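**Q** What follows is the residue order along each chain.
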Amino acid sequence: MQTEPLDHTGVLNLAGKYLARRADAPVADYAEPWRFPVVDSHHAGNDPDLNRVTFVWRAGGGDDRRPVAVVGTFDSLWDATPLEPVLFDGQPTLYRAATVLIRKGQAHIYKFLVDGQAMADPINPQRVVLDNGVEWSRLFTEQCAISVSFESWELAILARLTNEILPLTGDDAQRFMDLYYFTADKRARETAFHQAFRLEQPIGAVNFIDKLVAREERHRLGDYKVCLKLIADVLRSRFPGMAPADVSKDAYQDLYQQMAQGKVDGWDTSRYQSPNFFLQLLRRHTYTGAFSHPKYGGNAGAAGWAWLEHRFRGPKDASCFNWERAIEPPIGASADYVA
Amino acid sequence: MQNEYDLVIIGSGAGGAPIAHELARKGKSVLMLEKGPLILPQYQATTGVSGFRRDEALSTGAEKILRLDVANKGMPYYSSHVEPDLNDEPHIYRRADGSDDATIEGYTAQVVGGGTQLYGGVSLRFTPRDLTLAQWNNRPGAALDGDPNDEVRRAARDWPFPYATLEPYYAKAETLVGINGEVANQRKPFTSGDKYQKPLAYNPISEHVKAGMDALGMPHYRTPLAVITEDHAPSGRKGPQPGEAAKTAYVNRYGDPMGFKSSTWVSLLSPIKDLPNFTLLPNCTVTHLSSDGARIARVHFLAPDGTPREVSGRTVIVACSAIESVRLLKLSADIDRTGFAPRINQDGNGMLGAYFLTHCFGGASALVSSPERYDKSETLDSDFASDFCHADEFLAAQRIWAGAVIYNNTSDRALPLALARNYGSRDLDTIWQGFNQATELVSDALDAFLDHSFGRGLSITFMANQVPVKSNRIELHPSVKDKWGRPVAYIIKDYHSHDVALMNKLSGVCRDILVRGGVTVDIGSGAVFGKDELARCANHILGGARFGTDRTDSVLDPDCRAWGFDNLYVTDGCFMPTSGGANPTLTIQANSFRVADILASRI
Ligand SMILES: Cc1cc2nc3c(=O)[nH]c(=O)nc-3n(C[C@H](O)[C@H](O)[C@H](O)COP(=O)(O)OP(=O)(O)OC[C@H]3O[C@@H](n4cnc5c(N)ncnc54)[C@H](O)[C@@H]3O)c2cc1C
Chain A
1 MQTEPLDHTG
11 VLNLAGKYLA
21 RRADAPVADY
31 AEPWRFPVVD
41 SHHAGNDPDL
51 NRVTFVWRAG
61 GGDDRRPVAV
71 VGTFDSLWDA
81 TPLEPVLFDG
91 QPTLYRAATV
101 LIRKGQAHIY
111 KFLVDGQAMA
121 DPINPQRVVL
131 DNGVEWSRLF
141 TEQCAISVSF
151 ESWELAILAR
161 LTNEILPLTG
171 DDAQRFMDLY
181 YFTADKRARE
191 TAFHQAFRLE
201 QPIGAVNFID
211 KLVAREERHR
221 LGDYKVCLKL
231 IADVLRSRFP
241 GMAPADVSKD
251 AYQDLYQQMA
261 QGKVDGWDTS
271 RYQSPNFFLQ
281 LLRRHTYTGA
291 FSHPKYGGNA
301 GAAGWAWLEH
311 RFRGPKDASC
321 FNWERAIEPP
331 IGASADYVA
Chain B
340 MQNEYDLVII
350 GSGAGGAPIA
360 HELARKGKSV
370 LMLEKGPLIL
380 PQYQATTGVS
390 GFRRDEALST
400 GAEKILRLDV
410 ANKGMPYYSS
420 HVEPDLNDEP
430 HIYRRADGSD
440 DATIEGYTAQ
450 VVGGGTQLYG
460 GVSLRFTPRD
470 LTLAQWNNRP
480 GAALDGDPND
490 EVRRAARDWP
500 FPYATLEPYY
510 AKAETLVGIN
520 GEVANQRKPF
530 TSGDKYQKPL
540 AYNPISEHVK
550 AGMDALGMPH
560 YRTPLAVITE
570 DHAPSGRKGP
580 QPGEAAKTAY
590 VNRYGDPMGF
600 KSSTWVSLLS
610 PIKDLPNFTL
620 LPNCTVTHLS
630 SDGARIARVH
640 FLAPDGTPRE
650 VSGRTVIVAC
660 SAIESVRLLK
670 LSADIDRTGF
680 APRINQDGNG
690 MLGAYFLTHC
700 FGGASALVSS
710 PERYDKSETL
720 DSDFASDFCH
730 ADEFLAAQRI
740 WAGAVIYNNT
750 SDRALPLALA
760 RNYGSRDLDT
770 IWQGFNQATE
780 LVSDALDAFL
790 DHSFGRGLSI
800 TFMANQVPVK
810 SNRIELHPSV
820 KDKWGRPVAY
830 IIKDYHSHDV
840 ALMNKLSGVC
850 RDILVRGGVT
860 VDIGSGAVFG
870 KDELARCANH
880 ILGGARFGTD
890 RTDSVLDPDC
900 RAWGFDNLYV
910 TDGCFMPTSG
920 GANPTLTIQA
930 NSFRVADILA
940 SRI
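Chain order of the listed sequences is A and B. Throughout the first sequence, residue numbering follows the numbering used here, covering 1 to 339 in sequence. Throughout the second sequence, residue numbering follows the numbering used here, covering 340 to 942 in sequence.
Please keep in mind that the hints were generated in silico from the structure rather than gathered at the bench. Only a predicted model underlies this, so the values are computations on that prediction, with no experimental measurement involved. Built from N, CA and C at the ideal position, the CB exists for glycine as well. Take these hints with a grain of salt, some might be off.
Claimed, not checked - In silico DSS-like pairs for lysine-lysine, Cα to Cα no more than 27 Å straight-line:
(1) A:Lys316 to B:Lys549
(2) B:Lys549 to B:Lys820
(3) B:Lys577 to B:Lys537
(4) A:Lys225 to B:Lys412
Unchecked claim - According to the in silico footprint, chain A covers these stretches of chain B (three or more CB under 8 Å from chain A):
(5) 384–392
(6) 714–723
(7) 753–761
(8) 770–777
(9) 837–844
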C-alpha cells in the first residue's frame with residue numbers, strides 16, 4: 001500500500017516514552033501500549049475523512065535486522081507494506097514504522113510479517129480471534145461506530161443505563177436532539193463529515209465506552225463484561241419473560257438507586273464485589289463520552305456540547321458556551337485551528 | 340552529533356532554553372538534550388496538524404492504574420500526554436502517616452519546552468522584597484505569627500544579588516518570551532521599560548474580581564500572561580487574528596497548537612533551531628554525569644530506543660526542573676562515590692536536595708449567582724492580579740514573613756469535563772474522585788448540578804513564599820525504581836507553622852475579594868493542602884540546590900555554578916533560596932538570561 005512519508009521524530013516522540021525500556025523488560029511492561037498503532041489526524045489533502053495510522057515495531061536488539069511488513073484488511077490482504085527504519089540523529093534505531101492513510105469510522109484486523117512469518121502486533125493489546133482460531137491484531141480509526149467490545153444485548157442494556165445517567169431524556173432535551181441531528185445530518189452531507197449516531201444511545205456515550213474499553217481503559221473491559229451479565233441476570237429474575245433491555249424506566253431507576261447504595265437484590269457478589277464501584281465507573285465513562293471530543297466516538301456530531309450551549313444560557317439568552325469557535329472544522333468553526 | 344560541544348544543556352524548559360538561545364546566537368556550539376518529545380505547533384508541523392490539541396482528554400487522560408509497590412498501589416491516576424507514566428517514572432512522597440505514595444504532582448511536563456508548554460503562563464516578576472527576606476525579617480521589632488521558636492528569621496535568606504541585578508533580565512525575558520500584561524500598579528520597578536504586549540479584553544465574570552479588589556482598596560493590574568496577543572517579532576510568530584481568537588480556555592494544562600502561548604520552544608528555541616551550531620535531541624534521557632576532578636567530563640544519556648550514548652561539553656547546564664535535577668545529581672553521585680559525590684555533596688554538608696520549596700498557596704472559590712452566567716470558555720488563564728499583599732506595611736501589620744500576589748483564575752471549570760473531574764477533587768491525584776462518589780448526580784440532578792455551576796465558577800489564588808526548611812528535601816527513594824532501574828525521586832516535605840498562619844490570612848483576603856465582589860454562592864476558602872496532601876506543589880518545583888554566597892549554606896555559587904565543579908551549572912527552579920511571592924517561571928527565565936551573560940564572558 002502507498003505509505004506516507006515517515007515522520008521520524010513523530011514516531012520517536014511516542015516510542016521514546018512508551019516503548020523504550022531495558023532490553024530484558026517483558027512486553028507486558030509497556031506503558032500505554034494501546035497507543036499503537038498510532039491513529040492520528042491527517043490534514044494534508046483536504047480530506048477530513050482520513051486518519052494517519054502508523055504501525056510501529058520494536059526489534060529485540062541492534063542485530064535483529066529481519067524485515068517487517070504489515071498486512072491487513074485496510075488494504076488488499078496479499079499486499080504487504082514494509083516498515084522502514086526509524087532514524088534518530090541520522091542513524092537507525094530499534095524501531096521500524098510505516099504510516100498509511102485509513103478512512104475514519106472503520107475497524108480493521110492486521111498482522112505483521114516478520115521475516116515472512118505472520119504474527120500479531122506484539123505491542124498493541126487489541127486482538128481478535130477469528131472463527132478459524134487464528135489471532136489477529138485489531139485497530140479502529142476515529143469516530144468509529146462499529147462496536148468492537150460489546151454484543152448487541154450488552155449495548156442495549158448500556159443504552160438504558162447511560163440514559164438513566166445523562167440528563168437528556170427530558171422533553172426539551174429530546175426536542176433539541178431531534179432537531180440537532182436533523183440539521184447535523186444535512187450538514188453532514190455537505191461537508192462529508194459523517195458520524196453514525198443512534199438515538200437510542202444518548203449522543204453516542206455507549207459507542208464511546210465501547211471504544212474506551214477496547215483501548216485506553218482496556219483494563220475495565222472485564223468489569224463491564226461481568227457486570228452487564230449480572231445486571232441482565234438480576235433484571236431477568238425480576239421481570240421473567242422480558243428482555244433486560246426492555247424493562248421499564250422505573251426498573252432501571254430502581255436498579256440505579258440500588259447500585260448507588262451498593263446493595264442490589266440478586267447481585268452475585270462472588271462474581272463482582274461492588275455494584276457501586278461499577279456504577280461509578282459507568283457514570284464517569286458516560287459523562288466523559290457525552291462531552292469528549294467526537295473523535296473518540298461519543299458526543300456524536302458534537303451534540304453534547306451543543307446541548308450544553310442550548311441548555312445553560314446567560315441573561316438575555318446569551319450563549320455561555322461558544323464551543324464552536326475554538327474547535328476545528330468541520331465539527332467546530334475555528335478560523336485557523338485544524339486537528 | 341559531534342563528540343564535544345561548547346555547551347551541553349540538559350532540559351529545554353524555562354531554565355535551559357534562555358541559555359541555549361543566547362549562546363547559540365553568539366556562535367557557541369550548543370547541544371540540548373531533552374527527555375520529552377518535540378511537539379510542534381500547527382505552523383511548523385509537517386503533517387499540518389499539531390500534536391497539541393484542544394481536547395480535554397489530552398490534558399487529563401484516561402484512567403491508568405498504579406502498579407508500583409507503594410501505599411496507593413491499585414489506585415487510578417490520570418496524567419496528560421506529556422506527563423510521565425507513573426508506573427514508569429513516578430515521584431514518591433512521604434505521607435503524614437509515614438507511608439509512601441506515588442504522585443503525579445511534582446512533574447512540570449516532559450516535552451520540548453518543559454513546563455512552559457502546559458503552564459498557565461502567569462508571568463510575574465518577584466518583588467525587590469522577595470529577594471531580601473533575611474534583611475526584612477531580621478529588622479528590629481519584626482514579629483511573626485505561628486513562629487513560636489523564632490525559626491523563620493533564621494531560615495530566611497537574601498538572594499546573592501538585589502532586584503536591580505535581575506531587572507534588565509526580566510525585561511529581556513518579557514521581550515523575548517512574549518508576554519501580555521500591564522505595568523501600572525505592580526510593586527516592582529520596571530526600570531528597563533514596559534515590554535508587554537497589550538492584554539485582551541477580560542472575561543466579564545472577572546468584573547466581580549475587579550469590584551472586590553476596588554472595594555478593598557487593592558490596586559490591581561491585568562495579569563501578565565505568556566500568550567502573545569499580536570505579532571511577536573523576536574520569535575517571528577504571527578499573533579492571533581483577531582487577538583481575541585487566543586481565548587479558548589484550552590490554556591492552562593494544554594499545549595497550544597497555535598503557538599500563541601509563549602512556550603520556550605516557540606519563543607526561544609524555534610528562532611535558533613536552524614543554526615548550524617545548535618542541535619536539539621528530543622526523546623533523550625540523561626542518566627548521569629561523570630567527572631574528572633573538578634570538570635564534568637561526560638554526559639551519559641539514552642537515545643530514544645534506550646541505547647546508551649555519551650557526549651561531552653566544555654560547560655554543562657542541568658535544567659531538568661528541580662526535583663529531576665537534584666535526582667540526576669544524586670544519581671551521578673551514587674555512581675561515583677569518590678569523585679563526583681564529594682564534590683557535589685561538598686563533603687557531606689547535606690545541602691544537595693535540602694530546602695526543597697514550592698509555594699504557600701491557596702485561595703477562595705465560589706459561584707456567581709443566578710441569573711448571571713458567563714462564557715468561561717472565552718478566556719486565557721487569569722485576568723486581574725494585585726500586589727497589595729506585597730507591601731511591607733501589609734507584612735508588618737499581618738505579622739507574616741513575606742508577601743504574595745493574588746490573582747483570579749478565569750479558565751478553571753470552564754470546560755465540561757473539567758467541571759466534573761475537578762468536582763470535589765483537591766489535586767492531580769484525586770481527579771474524578773469527588774464526581775465518582777457523587778452518584779446521586781444523575782439525570783435531573785446532574786442537570787441541576789450543571790445548571791448551578793456551568794459558567795459560574797470564580798476563584799482567586801494567592802502565591803506566597805514558603806519558609807525554607809532543611810528537612811523539606813528531595814532524596815533518592817530507597818526501593819522504588821524507574822523503568823530503567825534507577826531510583827526515583829523521593830519528596831519529603833511539610834509546611835512550617837508560620838506557613839499555615841500565612842495561608843490562613845491570605846486565603847481570607849481572597850475570600851474577602853469574592854465577598855466584596857458579590858460572589859458568595861458555595862463559597863469556600865483555605866490553604867490548598869491537607870495533612871494528607873503533602874505532595875501538592877502547585878506545579879512550582881523549586882529549591883533543593885540553592886545558590887548563595889556561603890558554600891556551606893548552598894549548593895551553587897551566585898552564578899549558579901556548583902561549588903565543587905568548574906564547568907557545572909544548574910539553572911532550573913532549584914537554585915532558588917526562597918520561592919518568591921509569585922509564580923516562578925519568569926524569574927527562572929530571567930535568571931537564566933543572567934547566567935547566559937556570565938557564560939558568554941567565560942566560554
Ligand atoms: C499545568 C501547569 C501550569 C503552570 N502554570 C504556571 C504559571 O501560570 N506561571 C508560572 O510561572 N509557572 C507555571 N507553571 C510552572 C512552570 O511550568 C515551571 O515553573 C517551569 O516550567 C519550571 O522551569 P524548569 O526549567 O525548572 O523546568 P521545566 O520547564 O519543566 O524544564 C525541565 C525539562 O527538563 C526535562 N528533563 C527532565 N529530566 C531530564 C533528563 N534526565 N534528561 C533530559 N531532560 C530531562 C524535562 O522533560 C523538561 O522538559 C505551571 C506548570 C504546570 C504543569
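**Q** Would you mind marking each hint as holding or not holding in the structure?
**A** Hints, one by one, checked against the model:
| no. | hint | in the structure |
| --- | --- | --- |
| 1 | A:Lys316 to B:Lys549 | 23 Å, holds |
| 2 | B:Lys549 to B:Lys820 | 49 Å, violated |
| 3 | B:Lys577 to B:Lys537 | 15 Å, holds |
| 4 | A:Lys225 to B:Lys412 | 24 Å, holds |
| 5 | 384–392 | holds (count 7) |
| 6 | 714–723 | holds (count 4) |
| 7 | 753–761 | holds (count 3) |
| 8 | 770–777 | holds (count 4) |
| 9 | 837–844 | violated (count 0) |
Violated hints, listed in ascending order, are 2, 9; each of the other numbered hints is respected by the structure.
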